[in-house]
Amino acid sequence: MDIERDLLKTDLTRRRFLQGTALAGVAAFLAACTSGTSESGAPASVSIPTPPPATPTPVPASPTPVPSPTGPLKFANWPAYIDLAGKAGEAQVYAPGSSPTIEQFKKKYGVAVDYEEKIQDNKTFYATVQPQFQAGSATGWDLIVITDWLAARVISKGWAEKIDHGTVPNAVNNLVDALKNQVWDTANDYHYPWQSGMTGIGFNTKVLKAAKIAEPKSLKDLFAIQSNKVSFLTESRDTFGLGLLKLGKSADPSSPTLADDLQAVHDDMKPLVEKGLIFADNSYLKNFAAKKTWAAMVWSGDLASSGTEGDTFQVPEEGVMIWTDNMVIPKGAVNKYTAELMVNFVYDPKIAAQVEDYVYYVCPVKGADLEIKKLDPGAESNPLIFPPADVQAKYHNFQFLSDDIEAKLDELYLDLTGG
Amino acid sequence: MTTTRATTAPPGKWRRRLFAAGPYLLLAPGLLWLLYFFIWPAIQMFLMSISSGTLDNGFHVTGTLRPYTDALTKFATQWGNSLLYGAISTTLDFLIGFPVAYYIAFRGGRYKNVLLFLVIAPFFTSFLIRTISWQILLGDEGPILAFLKHTIGVMPVDFSILYSPIAVIAGLTYNFLPFMILPLYVALEKIDIRVLEAAGDLYASAWQTFRRVTFPLALPGVFAGTILTFIPTMGDYVNAELLGSPKTRMIGNVIQGRFLQSTDYPTASALSFVLMAGILVAVLIYARALGTEQLTG
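Going down the list, the sequences are from chains X and Z.
Throughout, my numbering is defined as the position within the first sequence, counted from one, plus 14.
Throughout, my numbering is defined as the position within the second sequence, counted from one, plus 1169.
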């Protein structure tokens, strides 16, 4: 029983969680990157979804006299994506009462929180709420955590509630600069990042040493390793994003030559597939341990939180993918004000540090590094949680794609993976 | 007249009516279940398969045949893999399962129930877990290959099974074996041992007895077993996903990819329909070839 539970947890929940977070992270990071590195990040050729006009929401928040929190707050998140204590922490599965952050929120505002690890995959989750969005009815959720590209889509359709900045001063003040000014929601009217992650190269130093293989420092190195000992990611944006960097092409979602470049990436990878390359989610951790895989495209948070001794995350010389999962309040949320309180609450650096010390993804909250020092000395300088400036300079966000490009990407990806 | 009869007769009449309707009433839950969970979704899926659109903008029935042309022309490799892996693992299941079922039926004695339980025992663990376990079993440094490579050294060090067709077929064969054994057992168990003795009395050799008496009598089980094994292996995607590589994908993986990755519901629906129709036709041909009276007998 226990073995089964553990297996399920690590193989399904965890990987799905990572996939999702990976997606989300990349998007956010991309957005962050484009805004951070260049003002011209959003080329004119991409149709940028314009956030819908800020309609005054008919939800309790509008009256200026202080609204009171209502509940239960329906909060949908990815598995193992919030601090969990005790047994739940070891099992990496949320149980009511197991998250200090949720408990502190409930105590502070005297409101019930129905936190559910309901999102294992952006597309699958989207399929469950899309019909309600389309029909203009409430989804039943007050706060959801979705990856950049999906957040951008939901916001562009006008399916997100406008966040009242007056209620979320922590978020306004503490959001890291790199994640501000996303092309799809420049003023953070509709979203705030939950966590980010990087996609780069991973390997286990001990395994490589035993196999007498040099540690790959660049994507070129990774592609040169014997293909049946390498895995790429099941997340098409991550795999193709890194593929673009490897070829020295622009990984800017608005690049005018993107369709051809993606085709070039496909053609570059196809021979590797013929030679036995596989596509994996975070099962690469298991494959490192079994010496089945020597090196892989991986998500940073995985190696930080679940990796074993010798597991290493390498920022490729060519650049690294960054994505973010974002908190979004779906249209028609019954407890919108409480959802905003939650957004504000988790942007308190103390709370952010508490969450980070469990989930180990890239933290979007300023000042959390100082707070995490008190909880877990040394974590403040962990480059996977607080990436240094030279790493941030290599960020590429390949999340927010036009419909045409996304269709092209799906087709190329499915052809490569045989699905 | 009629009114009098109607007033005097009701109890008997109603009882008779109820009695006549009895079988249908008893069938009703099952029929409703089928209607709601099979017929209705099948209709929905058919309508989806002739629709156009996207998830975001909604799908609309347009009568387009594009999903079907895509389903039939684009995925030759995966259709081929499904057929090939399905056929090989069904054959292997038969070759492995028949002796097992035969032994349990004729030699099991008082251990019959224990042996049958052992056949079913793997089902107490989830399908997914069992398949993931095969990743460990077949791993490059797993118990089997490590033994062959290092302990007795009969295999090159970089030989690998995991993520190859062999691994997928092994997983399929293992996962669906009980579906072969159980029907075979039921058929063999029904055979009257005196028939076999009679064959012996008529100077049939052991092999002749098997070929001309036992096997023909077991045919209904062979039919049921192969059907129960072949259909799920054809449509399976878990084994190809967990134990295979992009080169070993089956049609089930394509359907999954169209549904979840590219949200191309029409093509996914068309693929599912073609798969269902193909299997139906194959089963009909197979039933005809084996002879229908044999099967009911």
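In case anyone wonders, no lab produced these hints; they're calculated from the structure.
Each residue gets a CB set at the ideal place from its N, CA and C atoms; glycine is no exception.
Mixed in with the good hints there might be a few duds.
In silico negatives: residues of chain X with every beta carbon more than 12 Å from chain Z [what the hints assert, rightly or not]:
id: 1; residue: 123
id: 2; residue: 229
id: 3; residue: 231
id: 4; residue: 232
id: 5; residue: 328
Dumping the calculated BS3-like pairs for lysine-lysine here, alpha-carbon to alpha-carbon at most 30 Å [to be verified]:
id: 6; chain 1: Z; residue 1: 1416; chain 2: X; residue 2: 300
id: 7; chain 1: X; residue 1: 422; chain 2: X; residue 2: 388
id: 8; chain 1: X; residue 1: 408; chain 2: X; residue 2: 226
id: 9; chain 1: X; residue 1: 422; chain 2: X; residue 2: 263
id: 10; chain 1: Z; residue 1: 1416; chain 2: X; residue 2: 289
id: 11; chain 1: X; residue 1: 220; chain 2: Z; residue 2: 1243
id: 12; chain 1: Z; residue 1: 1281; chain 2: X; residue 2: 284
id: 13; chain 1: X; residue 1: 226; chain 2: Z; residue 2: 1416
id: 14; chain 1: X; residue 1: 122; chain 2: X; residue 2: 137
id: 15; chain 1: Z; residue 1: 1416; chain 2: X; residue 2: 305
id: 16; chain 1: X; residue 1: 422; chain 2: Z; residue 2: 1243
id: 17; chain 1: Z; residue 1: 1318; chain 2: X; residue 2: 137
id: 18; chain 1: X; residue 1: 408; chain 2: X; residue 2: 223
id: 19; chain 1: X; residue 1: 305; chain 2: Z; residue 2: 1318
id: 20; chain 1: X; residue 1: 194; chain 2: X; residue 2: 263
id: 21; chain 1: Z; residue 1: 1359; chain 2: X; residue 2: 284
id: 22; chain 1: Z; residue 1: 1243; chain 2: X; residue 2: 289
id: 23; chain 1: X; residue 1: 234; chain 2: Z; residue 2: 1416
id: 24; chain 1: X; residue 1: 380; chain 2: X; residue 2: 422
id: 25; chain 1: X; residue 1: 223; chain 2: Z; residue 2: 1318
id: 26; chain 1: Z; residue 1: 1281; chain 2: X; residue 2: 289
id: 27; chain 1: X; residue 1: 231; chain 2: Z; residue 2: 1416
id: 28; chain 1: X; residue 1: 226; chain 2: Z; residue 2: 1243
id: 29; chain 1: Z; residue 1: 1416; chain 2: X; residue 2: 263
id: 30; chain 1: X; residue 1: 234; chain 2: X; residue 2: 380
id: 31; chain 1: X; residue 1: 300; chain 2: X; residue 2: 231
id: 32; chain 1: X; residue 1: 422; chain 2: Z; residue 2: 1416
id: 33; chain 1: X; residue 1: 300; chain 2: Z; residue 2: 1318
id: 34; chain 1: Z; residue 1: 1243; chain 2: X; residue 2: 137
Hint-by-hint comparison with the structure:
1. No beta-carbon of chain Z comes within 12 Å of the beta-carbon of residue 123 of chain X; the shortest separation is about 35 Å.
2. Distance check for residue 229 of chain X against chain Z: the nearest CB is about 20 Å away, which clears 12 Å, and the non-interface claim stands.
3. Its beta-carbon lying about 24 Å from the closest one in chain Z, residue 231 of chain X satisfies the requirement of being farther than 12 Å from that chain.
4. Distance check for residue 232 of chain X against chain Z: the nearest CB is about 24 Å away, which clears 12 Å, and the non-interface claim stands.
5. Taking the minimum C-beta to C-beta distance to chain Z, about 23 Å, the non-interface status of residue 328 of chain X holds against the 12 Å cut.
6. A distance of roughly 21 Å separates the Cα atoms of residue 1416 of chain Z and residue 300 of chain X; the hinted pair therefore holds under the 30 Å criterion.
7. The straight-line distance between the Cα atoms of residue 422 of chain X and residue 388 of chain X is roughly 47 Å, outside the 30 Å bound, and the hint therefore fails.
8. Restraint check for residue 408 of chain X and residue 226 of chain X: the C-alpha separation of about 29 Å stays at or below 30 Å, so the hint holds.
9. Taking the CA atoms of residue 422 of chain X and residue 263 of chain X, the gap is near 17 Å; set against the 30 Å cutoff, the hint holds.
10. Taken as a hint, the residue 1416 of chain Z and residue 289 of chain X pair is honoured in the structure, with Cα atoms around 10 Å apart against an allowance of 30 Å.
11. A threshold of 30 Å between alpha carbons decides the hint, and for residue 220 of chain X with residue 1243 of chain Z the separation of about 43 Å lies outside it, so the pair is violated.
12. Among the hinted pairs, residue 1281 of chain Z with residue 284 of chain X is inconsistent with the structure: their alpha-carbon atoms are about 52 Å apart, more than 30 Å.
13. Taking the CA atoms of residue 226 of chain X and residue 1416 of chain Z, the gap is near 28 Å; set against the 30 Å cutoff, the hint holds.
14. Taking the CA atoms of residue 122 of chain X and residue 137 of chain X, the gap is about 34 Å. The hint is violated against a cut of 30 Å.
15. Restraint check for residue 1416 of chain Z and residue 305 of chain X: the C-alpha separation of about 21 Å stays at or below 30 Å, so the hint holds.
16. For the hint linking residue 422 of chain X to residue 1243 of chain Z, the alpha-carbon distance of about 16 Å falls within 30 Å, and the restraint holds.
17. For a cut-off of 30 Å, the pair hint linking residue 1318 of chain Z to residue 137 of chain X is broken: about 43 Å separates their Cα positions.
18. Taking the CA atoms of residue 408 of chain X and residue 223 of chain X, the gap is near 27 Å; set against the 30 Å cutoff, the hint holds.
19. Simply put, residue 305 of chain X and residue 1318 of chain Z have alpha-carbon atoms about 14 Å apart, close enough for the 30 Å limit, and the pair holds.
20. For a cut-off of 30 Å, the pair hint linking residue 194 of chain X to residue 263 of chain X stands: about 25 Å separates their Cα positions.
21. Among the hinted pairs, residue 1359 of chain Z with residue 284 of chain X is inconsistent with the structure: their alpha-carbon atoms are about 54 Å apart, more than 30 Å.
22. Note on residue 1243 of chain Z and residue 289 of chain X: the hinted pairing holds, with a Cα-Cα distance of about 22 Å set against a maximum of 30 Å.
23. About 23 Å separates the Cα atoms of residue 234 of chain X and residue 1416 of chain Z, which keeps this hinted pair within 30 Å; it holds.
24. At most 30 Å may separate the alpha-carbon atoms for a hinted pair to count; residue 380 of chain X and residue 422 of chain X exceed this at roughly 37 Å.
25. At roughly 20 Å between alpha-carbon atoms, residue 223 of chain X and residue 1318 of chain Z fall within 30 Å of each other, so this suggested pair holds.
26. Only pairs whose Cα atoms come within 30 Å are accepted, and residue 1281 of chain Z paired with residue 289 of chain X is rejected, the gap being roughly 48 Å.
27. This hinted pair checks out: residue 231 of chain X and residue 1416 of chain Z have alpha carbons roughly 28 Å apart, not beyond 30 Å.
28. As the CA atoms of residue 226 of chain X and residue 1243 of chain Z are separated by approximately 41 Å, the hinted pair breaks the 30 Å bound.
29. With a C-alpha separation of about 27 Å, the suggested pair residue 1416 of chain Z and residue 263 of chain X falls inside the 30 Å cut-off, and the hint holds.
30. Between residue 234 of chain X and residue 380 of chain X, the direct Cα distance comes to roughly 34 Å. Violation of the 30 Å bound is thereby established for this hinted pair.
31. For the hint pairing residue 300 of chain X with residue 231 of chain X, the CA-to-CA distance comes to about 22 Å; that is within 30 Å, so the pair holds.
32. The hinted pair formed by residue 422 of chain X and residue 1416 of chain Z meets the criterion: a straight-line CA distance of about 21 Å does not exceed 30 Å.
33. As the CA atoms of residue 300 of chain X and residue 1318 of chain Z are separated by approximately 21 Å, the hinted pair is consistent with the 30 Å bound.
34. In summary, the hint linking residue 1243 of chain Z to residue 137 of chain X is supported, as the alpha carbons are separated by about 24 Å, within the 30 Å threshold.
The earlier numbered hints that this structure contradicts are 7, 11, 12, 14, 17, 21, 24, 26, 28, 30.
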